[in-house]
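A.B. asks: These are the residues of each chain, in order.
2 protein chains.
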Amino acid sequence: MASGSTTRARLLNAAGVSFSAKAPDLEEAALRRGIAGAGDAAQLLANRKALAVSEDLPGAWVIGSDQILALDTQMLGKPGSRAAARAQLKQLQGSTHALVTAVSLARGGRTAWQHTDRAELTMRELSDAAIERYLDRAGSAVLGSPGAYHLEGLGATLFERVRGDYFGILGLPLLPLLAALRERGALPE
Amino acid sequence: MASGSTTRARLLNAAGVSFSAKAPDLEEAALRRGIAGAGDAAQLLANRKALAVSEDLPGAWVIGSDQILALDTQMLGKPGSRAAARAQLKQLQGSTHALVTAVSLARGGRTAWQHTDRAELTMRELSDAAIERYLDRAGSAVLGSPGAYHLEGLGATLFERVRGDYFGILGLPLLPLLAALRERGALPE
Numbered sequence: 000m001a002s003g004s005t006t007r008a009r010l011l012n013a014a015g016v017s018f019s020a021k022a023p024d025l026e027e028a029a030l031r032r033g034i035a036g037a038g039d040a041a042q043l044l045a046n047r048k049a050l051a052v053s054e055d056l057p058g059a060w061v062i063g064s065d066q067i068l069a070l071d072t073q074m075l076g077k078p079g080s081r082a083a084a085r086a087q088l089k090q091l092q093g094s095t096h097a098l099v100t101a102v103s104l105a106r107g108g109r110t111a112w113q114h115t116d117r118a119e120l121t122m123r124e125l126s127d128a129a130i131e132r133y134l135d136r137a138g139s140a141v142l143g144s145p146g147a148y149h150l151e152g153l154g155a156t157l158f159e160r161v162r163g164d165y166f167g168i169l170g171l172p173l174l175p176l177l178a179a180l181r182e183r184g185a186l187p188e
Numbered sequence: 000m001a002s003g004s005t006t007r008a009r010l011l012n013a014a015g016v017s018f019s020a021k022a023p024d025l026e027e028a029a030l031r032r033g034i035a036g037a038g039d040a041a042q043l044l045a046n047r048k049a050l051a052v053s054e055d056l057p058g059a060w061v062i063g064s065d066q067i068l069a070l071d072t073q074m075l076g077k078p079g080s081r082a083a084a085r086a087q088l089k090q091l092q093g094s095t096h097a098l099v100t101a102v103s104l105a106r107g108g109r110t111a112w113q114h115t116d117r118a119e120l121t122m123r124e125l126s127d128a129a130i131e132r133y134l135d136r137a138g139s140a141v142l143g144s145p146g147a148y149h150l151e152g153l154g155a156t157l158f159e160r161v162r163g164d165y166f167g168i169l170g171l172p173l174l175p176l177l178a179a180l181r182e183r184g185a186l187p188e
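Taken in order, these protein sequences are the chains called Z and A. Under numbering that gives the first Met the number 0, the first sequence has 146 at position 147, and the numbering climbs by one with no breaks. Under numbering that gives the first Met the number 0, the second sequence has 25 at position 26, and the numbering climbs by one with no breaks.
Think of the hints as simulated: they come from the structure by calculation, not from any bench. A couple of the hints might just be wrong.
Stated by the list, open to error - Among chain Z residues calculated to face chain A with C-beta under 7 Å, some are:
#, residue
1, Ala129
2, Thr156
3, Tyr165
4, Leu173
5, Leu174
Computed from a predicted structure; not experimentally measured. Here a beta-carbon is modelled for each residue, glycine too, at the ideal position from N, C-alpha and C.
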């Protein structure tokens, strides 16, 4: 898997998939720049991540994935700092945003399969005090996720409604990926 | 929480909710008998579980929950044995079933709130050999779940498509429950 994400690794492990992980060395922000649609941007990144690792491991099936948060026409990435997380949550509270998650399979330096998933998440109205309390409790791990939340953790307390595939929201559309791996003989029937 | 389920406990813990768990002593199968609809049966059970514990803890908010698997007009409960799990999987493979999950809040021996959630899950076609291999790997924990699967584990490999709330599928519709607890002042804003 061309990712250093512990959540993605946990999903694959839970599904009984044997794999090794290697985070590719890409300038993600630079690659995304200039691409208008979140779906296109996420898919390009997922493909590029898988291809980058595939070049070094020609016989292996390599999984690439990328996730982008879209609020109206704006795309939000990883906040990286508490100040940026606070600003993202202030923007997101009280409205609905999309999480676009792309996954890709590469082998021998070529993209063999790709899939994009879209979920809609409605965040409840949050006071500034509630945002601070959330950031105090959630800790620094959420600074690496678009929107500064993990739905599988304390992030669940922020939402009013979630529509879409849970695995996609966590960063890896697991069911289509497992089907693609089975079809290619990379997993048993 | 009126449940001994480790998955439900894990969901509440991850969302930062402080609680204690106490499994109620109820004859679940007898209570369900004679109720035609899965939604009605699950809600009755969730309410009865919360009420049973609430009687002993009059000041506490008590969460009750129940889940029933519905395949056409048939309701499936916990398989309990490998033979029953095998039979359920043979029935479920290649078709779509529903998971109906009810949750209830009781205080002072009265039901204060209730909610029922419904998800649709499409299991892929599975050969007898694939079912045996799955049961070998999944272990005895899945014998306590309707349909003999945990979507958060190896169960993900059985499905083609899942539509509905993931938390409900895991046994506890978390977002409506958290909202109900906040509205009643049992959780901070």
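A.B. asks: What hints, given by number in increasing order, does this structure fail?
C.D. replies: none
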